[in-house]
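**Q** These are the residues of each chain, in order.
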Amino acid sequence: MRTSISTLSVLHPRSLDHALELLRDEGTLVPLAGCTDVYVGLNFGTLPATRFVDLWGLDELRGIEAADGVLRVGALATHTDLVRSPEVRARLPILRDACREVGGVQIQNRGTLAGNVANGSPAGDTLPVLAVAEATVVLRSADGERRVPFNGFYTGYRATVMRPDELIVAIEIPAVEGGQWFRKVGTRAAQAISKVVMAAVRGPRPRIALGSVGPTVVRLSATEDALASGASIAEAQRVLADEITPIDDVRSTADYRRQVALNLLARWWGEPEPTATGSA
Amino acid sequence: MEFRLNGAEVEVEAHPLARLLDVLREECGLTGTKEGCGEGECGACTVLVDGVPVCSCLVPFAQVRGAAVTTIEGLGGDHPLQLAFAELGGAQCGICTPGMVLAALSLGPNPTLEEVRVGLAGNLCRCTGYEAIYRAVMSVPAAP
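Those protein sequence lines, which keep their order, are chains A and B.
Residue numbers for the first sequence follow this note's numbering, beginning at 1210 and rising by one.
Residue numbers for the second sequence follow this note's numbering, beginning at 24 and rising by one.
The following block holds chain B by itself, in its conformation from the complex (with noise of 0.2 Å):
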């Protein structure tokens, strides 16, 4: 099946009802992307669909066709909102830190702290108090 990975045409073989998340694990070898609660509670395993956050641990892969997926590693490592995570404490343990980053790139440029609250509220984090990472997604005042 032909879809979008990380700007890039790719075609993978899988179960069309295989988890969107197994599949860019497993078969893609993108193992940023992180199981948390399997039920779409924590957002760990948040990715973006054309641009939309969506918890990949509920997306059958047949779902994704001809769709551009966005994962952690198709922001290659410095990305202004990663680099605003790891300075400004935004990041602990990490297994948040992937979905967290993805959803913050949803938002529009110049989100308030109160657009930050909503559109990161469907990803938990045990670590930080969610402080840092409204610092750190503040921080970057246009992500692209």
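Next up, chain A with everything else stripped away, as it sits in the complex (with noise of 0.2 Å):
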């Protein structure tokens, strides 16, 4: 590990209302959950935290519930609870397609879904889900709790709307119409992070989003509203170009980007309905 493990402390809250005191009176603390990201930071010593608080044993931020037509993710639910949960598999099937390529299986038995929604990666592979299942973000705080919509979350790359005193508590997503369909395109299911990644549901209006193709997760509202309006392929296609900003880096080119994000549009709509959802 290349950061100086002397330089580190870590808190230990017995509850989560003692976690939101220890980040309202203890100055910045970075949450620590699976630490699947966090440890890749330190371990290459590029994570400029030094200060940290383990949430890792706060029970009451697990689990999985359904309620009222709404899948309530707990902050602590990792990728192997959503791959097995049967609420899941019942009303979002594409959310397991997601958590079911994260990593390898040592990965998704540790990382959380709310770990992969706060460090915020565009390429994330369960954010376009939760873009297209229009799901709210529930942040508390020692001031209280507020609700933000998923795709108002972001406000650049890996920047955020959350205040440093806020925990992300659990993931609510409400019941989504229509036919759910997922791809990621990596140079291996497993482990590679994706080069593109997008949901979409075909439900009373089409909803799209890709990942890896901008500086966060993107909802194409534009594309939608052309798809909704019975403009062609073609026409979608278009206006998907002008609604995306790949770009190049270790992974891949905005060219074979751009050209992936196309490809995946036109295969998606292209498929018969009931679409799959790519696993058994």
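Calculated from the structure, these hints are not laboratory results.
Remember, it's a predicted structure, so these values are computed and weren't measured experimentally.
It is possible that some hints are incorrect.
So these bits of chain A aren't anywhere near chain B, every CB distance computed over 10 Å [as the list claims (entries may be wrong)]:
1) 1215
2) 1224
3) 1356
4) 1365
5) 1383
6) 1443
If you want a taste of the chain A side facing chain B, the calculated C-beta under 7 Å gives, among others [to be verified]:
7) 1217
8) 1220
9) 1313
10) 1315
11) 1316
12) 1478
Glycine included, every Cβ here is placed at the ideal spot set by N, Cα and C.
Could you fit the two chains together into a complex? Lean on the hints.
**A** As structure tokens, this is what we get:
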């Protein structure tokens, strides 16, 4: 580990309320859950933070529940918990598909959905699913709770509306009407970070979101409008090309990502309904 | 801090944010757990925490308080999976082998080839081409 361990400190709250008090009173603390992102930064010496609060023991943040048509995913629910959840399988199979392609089982066993949201990578596999499902991020601080639409959560590259004294306590996902679709395009199904990742819903109004084609996950509202108003797929692809801003980086090129995004749109729209969700 | 290591209750003093990998190797003297990439991509450092495979390079020591940790040393050396890896060419250079064996151990009894492939997808091997590893795992019908 390249970070000097002696410079680091961690607080162990007894409860969620205690954790929120620490975040209010102790200055900036980086929350730890499954550590599958934070420890990559520590291992490579690229994480500037030195003070942490460990949430892993707060069982009140575990659990996946469905009530009144809403799926509520506790902040410490792991990708493995989501893959195994009958509620997720029944209501939002594309979330299960996305969680199965996050890292390998070791990462799925430890990494959490809320951590994927908080980390805010534009390549986060689960994020396009939350965008098309129109999820809500439930934030809590010592002052109370507020609910932020997922599609308004990010303000820029790895930047969010969260305050330093807030924690994500749950992700809430309303019922989704219409056929669901998810594809991750990467070098390898397991482990590889996506080159392009897409989720879509063919409901009363089409919903489309893409990852790895801009500084944040993007909901493609203009492309959705075009398809909703009866545009041809070629027209919709032209609209989509203007809605995304892919870049060249170590994993892919802007040109490749743009072409794959157009191809995914055409493949999804061309599939007969009801669409399969990609896995058994 | 107290936890269970390969079946025995132990008390180990280490920084709460030290990597479980480093505590196992440097404080506990169990060097069977290997460091590969240090970023959760290769699976070489896989150990079981309460029976579940994790990358020990990404687990802070504090998070195994009270948990049961199993490393390759906990299998003793003549576990059927270890013997199968040795006999069927599932191990070559050996760096991925402890993690592979532990990931395989966490699969239920009689896994299908697809379950083995998915269960070991987080463990990279640069020598074997995987086929010999899959054969080794599949040859142990009911991994206990």
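**Q** Hint by hint, say whether it matches the structure.
**A** Verification of the hints:
1. 1215: Check fails; 7 Å does not lie beyond 10 Å.
2. 1224: With a cut-off of 10 Å, residue 1224/A remains clear of chain B, as the shortest Cβ separation is near 16 Å.
3. 1356: Nearest chain B Cβ is 29 Å from residue 1356/A, so the label holds.
4. 1365: Given that every Cβ of chain B is farther than 10 Å from that of residue 1365/A, nearest at about 25 Å, it holds.
5. 1383: Residue 1383/A clear of chain B: closest Cβ-Cβ about 30 Å, beyond 10 Å.
6. 1443: 37 Å, holds
7. 1217: Cβ of residue 1217/A sits 5 Å from chain B, so the hint holds.
8. 1220: 10 Å, violated
9. 1313: 2 Å, holds
10. 1315: 5 Å, holds
11. 1316: Since the shortest Cβ distance to chain B is 6 Å, the answer is holds.
12. 1478: 30 Å, violated
Of the numbered hints given earlier, the model fails hints 1, 8, 12; all others are met.
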